[in-house]
Amino acid sequence: MFFIPRNVSPQNKLQAVSEYLAGKGSQKCIAKKYGCDQKSLSAWINNYKVFGESAFIRTGHNQNYSSEFRNKVVQSFLSGEGSYEELAIKFKIPARSTVRSWIMKYNDHEEFKSSGTGGGTIMTKGRTTTFDERIEIVQYCR
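Under the UniProt record's numbering, the first residue of the sequence shown is numbered 1, with each subsequent residue one higher.
Just so you know, nobody snuck in bad clues.
Straight line, CA to CA, 25 Å or less: simulated DSS-like cross-link-like pairs of lysine-lysine: (1) 105 with 72; (2) 49 with 90; (3) 49 with 72; (4) 105 with 125; (5) 49 with 39; (6) 39 with 90; (7) 90 with 113.
Note that these hints are calculated values from the structure, not bench results.
Take these sequences, add in the hints, and give me the full structure.
Given below as structure tokens:
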């Protein structure tokens, strides 16, 4: 079943996790009760196990990771040390999607830049043109 994402307060997240860990219901039942997706509840549970109650405190900024740290996580994945989720827990990264995006960048041969160094310009790569097309473009511009 698909749920429309809704903001769930940190208190309700903590309450939902506490109910699940106390055995008061399945992930599916508790997720439905709090109006969230089962995967969201699962992520809250994992974050709670790693970070405790501080997992639900909104900091207002993103965590910065060095390129060396990112490479370490990617190499751990490539050597079979765990899944995205397991590595996120091992390295105390709140979202498994962060690990996934680093691995995808690595596989696309993109260079890791340390967080907070500023973004580059975002431009799509143009297609290659033939010699005849270039001549036509030059004649059009005259």
